[in-house]
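Colleague: Chains A and B are the protein sequences, given in the same order.
494 is the number that my numbering gives to position 494 of the first sequence; each next residue is one higher, with no gaps.
175 is the number that my numbering gives to position 175 of the second sequence; each next residue is one higher, with no gaps.
Note that these hints are calculated values from the structure, not bench results.
Some clues are possibly wrong.
[Said to hold, decoys possible] Derived, one-sided and incomplete: chain A residues facing chain B with beta-carbon distance under 10 Å:
1) A51
2) E124
3) V177
4) L240
5) T243
6) E445
7) Y453
Predicted model only: the values in this text are computed from it and were never measured.
Quick reminder that beta carbons are idealized off the backbone N, C-alpha and C, glycines included.
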Amino acid sequence: MLPVAASAATHDELTIGVVQFPATLNPNIDAMAAKNYVLGFVLRPFTVYDADWKLVCLLCTDLPTVENGRAVVTDLPDGRKGVDLTYTIRPDARWADGAPVTTEDVKFTYEVGRNPQSAVSDAELYRRITSIDVKDDKTFTLHFDKLTYDYAAIDDFVLLPAHLERGAFADPAQYRVRTLYATDPTNPGLYDGPYRVSELVPGSHIVLEPNPHWAGPMPPFHRITIRAIENTAALQTNLLSGTVDMVAGEIGLPLDEALAFDKQHGGAFTILYKPGLTFEHVDCNLANPILADRRVREALLAGLDRQAIVASLFAGRQAVADSFVDPLDKGYSNDVPHHPYDPARADRLLENAGWHAQGGGARKNADGQTLSLELATTAGNRSRELVEQVLQSQWKQIGVDVRIHNEPARVLFGETLPHRHFDLAMYAWISAPENVPRSIFRSDEIPSAENAYAGQNLGGYASPEMDRIIDALEVELDPEKRKALWQEAQRLYATDLPSLPLYFRSDAFILPKWLTGLRPTGNQYPSTLWVTDWRAQP
Amino acid sequence: MIRFAAIRLVEIAAMLALMSFVIYGLIGLMPGDPVDLMLTSDPHLSAADVARLKSLYGIDRPLIERYLAWAQMALSGDLGYSRLFSAPVAAALLPRLANSLELLGSSFALAFLLALGLGIAAARHPGSRLDAAINFTAFAGISLPTFWLALILMLIFAQGLGWLPASGMGEAGSGALLDRLRHLVLPVATLTIASLGGYTRYVRAAMRDALGQDHIRTARAKGASELRVVWHHALRSALVPIATILALSFGTLVSGALITEEMFAYPGMGKLIFDAVMGNDYNLALAALLLATAVTMAGNLAADLAYAWLDPRVTYR
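So here's chain A without its partners, still in its complex pose:
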């Protein structure tokens, strides 16, 4: 058996409580936070953004750069620039059945990703790779048809073990049914991380044990159990009774519940609050003539005391947002129009927009139309419902009548938002470090019947200037010029206000006092990718 870290002498097992169970462990099928969390223990992506939001290699030896010769800019026949990237797989990387990780796995994963019948959910990366050249068992070159600023990041390229999965892929249309991640998820050969899945009871728990062929730093526990407890009150009781040792921040308690837990039982646990890239905001449907007027949107923002909301409801643990870029992000700029709480300014803006005060009631315009809007969010999300009531009350103070119309997440995200049947909608955008906001702001990403309601630009923001900045951001390699473009994008956003920024959400990690070394990332890459840094103190 593989030795485990010496510090784990007294705590050699760890039980983690989460609120979601993954539908599949196949890294390329379906997208789910719970899956990413579990896979962080058992699979190594080539590249990820770490807790310092720096791109790093996990499965590769070096990140390709133009300077080290692993990235070569190419001229494509149509006049555009492409890029060839050479990666080398870590020489000691092995699947947990002992088979080495090789370029055979790279070629197979590419084959699966490119096949339209294979049910790979996010196939964009595979579409951008035009071909692969294999140098030897460990080194290969990817040929991309576009040169982008983040060219070295191939985090969606998570390897599948060719020696096991090729059989399941014989009929690509049946791959999602036959993949061993679904039919034989405890097969050790499916995992190349520090741990492997040794037991999986759907809907209940997953047990992980060390990968005996792992050559990296020693895994800290003999066994890790991930237990799904969806009810958060029950999850807290499980934590207090010792049935689970910790609650994962990525898929654990909502912040308001974590704060209440902290107040009552915080002394017995280590509680880490990590601000992240989840941008909570209110989308404005710009097809609504009232909201199409920028002055009304600015007035709505000036009428909100976001500092007070964050202080009173979230104990100041979340950062108020001035734009869609997180203050921790490399592209962040503070040089943007700020919109502090200013009811007098909100009043002036609404008067100028033709909405006149009616002696305490909702404002009306010259046609007698009432300034009335509907605000939607996900029903049952207690935190959002609380914030929503504060928004309603603060907007009432400036003469805006807001009616709350909440819907279950599946209705809101499945029907109402994509079909743009809303006035105001409060929800979050989940982003990545330096993530270009193409899907949320570019004018061709407005959902419509033509694009099968697929875009994420739900408010319908159409700005040629923003389109230009987004296109330029994607291909600008010079960090200084890119920073300037990021600043332009944020300034334009804070001026146009296609949505009303609220705050960046924080995750709460509740850990036992004896567990150290866990560093929340605040980005979409789970802390579990660095499980070998975790330590159990005696």
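Assemble chain B onto chain A, guided by the hints.
Modeller: For chain B alone, kept in the frame of chain A given last:
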């Protein structure tokens, strides 16, 4: 009797066929589809990905076409594939069904046996302190919200006393019977307490009615012992209305107990049906709901047949 049972079986088959269409239609008419839901958790999905996945999962076709394809498959014994569980429907459903039968079967049997004793005791001494105490307990059980009761039991026995585990079906990798039983105690207790009151009230009412009938007076006049009067004469009469209640409860054995399962992180049918419906897993939701419908109707048929056995005056032609 055989003819009656055969006709009822044909009716059940027809009803299931109709229900399959109704359930499929209702799920299909719900807003959103599996790919829409994927979009909410992966902002990188492009329009091309959406179109490809919708075509792959067959959800870009008209509802009636999808239903007919499903019906054809189901008739050949293939219930399809569960997207949520990444497994064939039967493989996803059967372990959950077994878990639910274990959990709900235990609590159902326990609640019914306790209710029988308490209901009879209360009926035999109407208006007494014992009757009042049993009534009070019954109403308390009926009134307590299940999630609150579950939480209180967890707080006392798992967190406070540390006697029992707070959730799950067993320690990971254990599989020992004793461990499994320990994990069953709190959810079974929750469901038993929650259903005990209702059953006790039914048994008490049925027994009160039976004990006041002429043939009971006759039996007593003939010198039958009190034990024989209660267990042989009165209980047999009382079982006719009780059988109806029990028959209606059969459906819940396979449709699960959503709140209790969620509170104790117990993977049963209630949670499976909820997740399948909310996650637009048509194949799984349909199979699970049809199973619950079939068992409920079979329970009703069993009750009808039991009437004839319990009450000689009932005959079926």
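Colleague: Could you run down the list of hints and mark each one as holding or not?
Modeller: Going through the hints against the structure:
1. The interface hint given for A51/A is broken, as the beta carbon of that residue sits about 22 Å from the closest beta carbon of chain B, more than 10 Å.
2. The criterion of a C-beta within 10 Å of any C-beta in chain B is met by E124/A, whose closest approach is roughly 6 Å, and the hint holds.
3. With its C-beta approaching chain B no nearer than about 5 Å, V177/A sits inside the 10 Å limit, and its interface hint holds.
4. Nearest Cβ of chain B to the Cβ of L240/A: about 5 Å, under the 10 Å cut. The hint holds.
5. For the restraint placing T243/A at the interface with chain B, the shortest Cβ-Cβ distance is roughly 4 Å, inside the 10 Å limit, so the hint holds.
6. Residue-level restraint check for E445/A holds (minimum Cβ-Cβ distance to chain B is 8 Å; threshold 10 Å).
7. Annotation: interface hint on Y453/A holds; nearest CB of chain B at approximately 8 Å, less than 10 Å.
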